[in-house]
Amino acid sequence: MAANTSAPRLTWRTQQRLFAGLLLAPALLLVVGTLGIPIVAGIVTSLQRIRINMPARNSNFVGLDNYQHMVTSTDFWHSLQVSVVYTIGSVVLTFVLGFGAALLLSRNTFITPIARLLTLLPWATPVVAGTLTWSIMLDYDSGIVNQVLAWLPWHISAVPWLIDANVSIWAVILVDAWHTFPLAMVLLLAGLQGIPKDLYESASVDGARPVQQFLYITLPSIAPISNVVLLLLAVWAFRRFDVVYLLTRGGPGDSTMTIIMQTFDRAFRYYDLSSSATLGVATLLISAVLAGVYFLSLRRQTQQ
Amino acid sequence: MNWKLLGSIGSAALMAAGLALATAPGAVAQDKTVSFGTWMWTQPGSGDWLKLAGAKFEKDNPGVKLDVRNLPVNDYMTQVVVEVSSGNPADVVSSAVNLAELQGSGQLVPLNDRIAASGMKDKIEDACWAAATFDGQIMAVPISGRTLALLYNEQKLKAAGIDKPPTTPDEFLADARKLTIKDASGKVTQYGASMDHINEEPTYEMLMMWSIAFGGRLTDGTKPTVTDPGVVKALSFMKTLYDEELIPRGRSEDDQRALFAAGTSAMELDGPWQVPFVAKVNPDMVASIKATRLPWDGPATGGPNVLLSLGKTGNQDLAWKFIEAVVSPEVESQYAKYADTVPCVKGAITDEAMQAKPYLAAELDEFRDNPVRNLPAGFENVASEFESIVLKAVTNTLQGGGDPAAELQKAQTELESTFN
Amino acid sequence: MTMSNAAAAPVNSTAQASNAFPYRRVLGRIGVAIAIVAVVLFAVFPIYWMIVTAVSTLGASRSASQSLLPASFTLDNFVYVFTEVPFALWIGNSAIVASLVAVGATVVGAMAGYSIARFNYRWTGVFMLVILATQLMPPTAIIIPLYRLALATGLLNTYTGLVIANLTHVLPIAIFLLRGFFLSIPPEIEQAALVDGCTQVGMLVRVTMRMAAPGLATVFIYAFVVTWNDLLFARTLSSSGSMWTAPVGLASFQGEYYTLFEPLMAASLVFALPVTVVFLVLQRHFVHGLTVGGVKG
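These protein sequence lines map, in sequence, to chains L, H and U.
Quick note: the first sequence uses numbering that gives the first Met the number 0, first residue 0, plus one each step.
Quick note: the second sequence uses numbering that gives the first Met the number 0, first residue 0, plus one each step.
Quick note: the third sequence uses numbering that gives the first Met the number 0, first residue 0, plus one each step.
These are computed hints drawn from the structure, not numbers from a lab.
Heads up, the beta-carbon is just placed ideally off N, CA and C, and yes, glycines get one too.
Don't take each hint at face value.
Claimed, not checked - Partner residues aside, some chain U positions facing chain H, computed with beta carbon under 8 Å:
no.	residue
1	A94
2	S98
3	I143
4	L150
5	Q190
6	Y257
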């Protein structure tokens, strides 16, 4: 074994630890250095009062005042609710679309390569371009979507996609899903294609119907990658800013004011940096707890 | 365990990183630069005019380059906050109505002495200076201003049997009703009018305007007065327009502009920049777009919308020269040829320019009649927060179906408790 | 895996077909075909609409009457993009930054992902959580401190600054993805290579990375596309127009009073082209790598 020729002072175990650590070091340095510092700065700011337009009221330390203020404000809870609805809706829609597309495109027929390529396009399209296109398409008066709906045999009346408080959140979820589902599809496709064909063959020989094959072979095999995809989708959906910003800016009213959008508004519309930082830290804590729970439950699953 | 290989990989990586850092293009350190933050540089019209000023500045000051930091307007405003809060403003900072909120940051330099020395004071309208002065300190040089006028589609008015545009709010409402056309299924195919009413700043100005029309004000200069009967009447008026679907509901200001330009709405309270826009996107219709005074007996809202300040960067002397170039007679005389807003420099609009752009007349008249500044008087430095509370009342009334008086009372209470 | 079936005879779908018309199979096939068309239409229609808008005359996108086929045809918008704006500069900047980030993310991400996958020490789990946690802070809340950091380290308005910011943004997901891929590669293969006389690094490069090639390609594509599309960092960390990337340039088509959508769509298509090309090239590798070789039993 190669280890026998290494320097005698270090045991194999220590060597391996060093190797592991070295591999990890660049990533650790980058992430902690570049993201860690701003995050710490954000935490510090949340303990101060910094309002650019009212410097007389600024203060270097106000303790947990900002947090108290935030927790007692209806705005915070409302936008948290909007964020939760948005995240769940987006994850479900994106996953269903991605998984469905992956299933449909997992066989190698003659149209599959083209279909795969075309289905990947939404993700490659710059978000600014795609979202603005959707905003024209979903326009109440002049949008093509409403026009097509009117042509259909069911004569669906025009939907106030982006201008009605009850509908707008679903419109934003739709556009978000459109941008993201190709990536989910790619990952799930990789998982699907990694399932050995013999499993299906032997199951067919044993008499299993396609539905049973799906339930007992496909789903379990794809569970690991699905978990990854679901977690990623949730993180991305929760952090989503540009789609909401470009489509509705948080409106109509407050119906699409996610926490992320509110963080932006507080800082750049109301010049209130400390309140924005407070929201940011709160978001960080909440999602860290949720992700931690999810991750731990995953750990328990794989250990079984 | 091949340490040598690992070591060589590691050192190669370090060298590459060092090289990258060393050779990466940093902020080009020229002998002399003046950084200029703006959102207008690539805009057709005013952008071209600014470029004239830039050219003159560089010609008069050889060896100095103007480093233009241009971003689209919303991004620019965001970036200004980033720069100002990090203590890194540009040498020359452009601002609009947010000057009041920016100047409190301490990153802008008072200009009283420079203005006195240059003799600029008399060359610029007093109303413009008022907007740039805070506690006696002049924090910016106003470049241009704007008010709004009543824009209407003459053809559509004639088709509805209206031979002259409305001059009172009642006439406006009646005309809007006549001009709104619905199809068989009840969907509106032509809106009688336009009205900003969603949760954005133009809605505040819209409420201000209609309040003026009904004789009310949102503040009295020291305290909020949003329960003033004039304001309540104005919000009720807006509610009528909304409920009867005489205006495109739920649409942003930009969208409503686009609808007017496409011929989907017939009247609009907006500025003269609409006319070149219509000329671009709907050239067949532009001949019937006319502008006239606002439909009420009283002032309009408006004020300076482009102001230039000096950032606290240590480069003020050189940066000042750029501002001087902008307001120089050479450059100002070209203003009307390019831009569609009102220049703050006196006499910059010549008669021949007026001939070429007849739609400017209405706006100029409004501007000369001392428009009310489109900011809450007495609360300029917390304008966004003040406005957002009022906007809540508006959206609760319109989209939420609430009662105007009740919602305004709620807003008044919240305003009083927030700003005491 | 044994599946006993009470209906004695082994049900083989091809055997069935020889007797009756395979309604089920044909319907199934048609159903799948329709579903595929629906999905593709959903994905592609907005892009088609972008093209329609890009070749329309100004204002067509907002007119009250819309049709599926372009009502007018003009190349003026593209002419505008090619002559009036420095699109080559913007694309060039995007290409440089995106390529550097993609390479960096693949290399650094692979190293870290492998470390976490193979060496399951307790602190690797904590590290994963920490890395994930950094993703959970809203980007809008950290741009001001990030700007300050860039200002303090002199990396404002530099390629290096943009690369570092985007790399850091992309790394957590890259590491997560690659960890998953490495976990799916059985250690026996690596042990076999070591037994055969490879050094640890050699084994990594020659055996492991080869098998993880699809994962590496995925991370490369992901990092490239995300960086190409990034607007927030590109706008915040640049202070002069010469450092603008494509999305910032695209945003500049939005005016103060109104936005001309037709030239904006034309510019979008121009800027989306390089990304699509990179996509095309790598996508074939990716699909190929999945079906060839692999772990059979």
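Against the structure, the hints:
1. A94: Result: violated, 15 Å to nearest chain H Cβ.
2. S98: 13 Å, violated
3. I143: With Cβ-Cβ at 5 Å, under 8 Å, it holds.
4. L150: Nearest chain H Cβ about 6 Å off; hint holds.
5. Q190: 16 Å, violated
6. Y257: The hint holds - U:Y257 has a Cβ within 8 Å of chain H, the shortest such distance being about 5 Å.
In this structure, the earlier hints numbered 1, 2 and 5 are contradicted, and the remaining ones agree with it.
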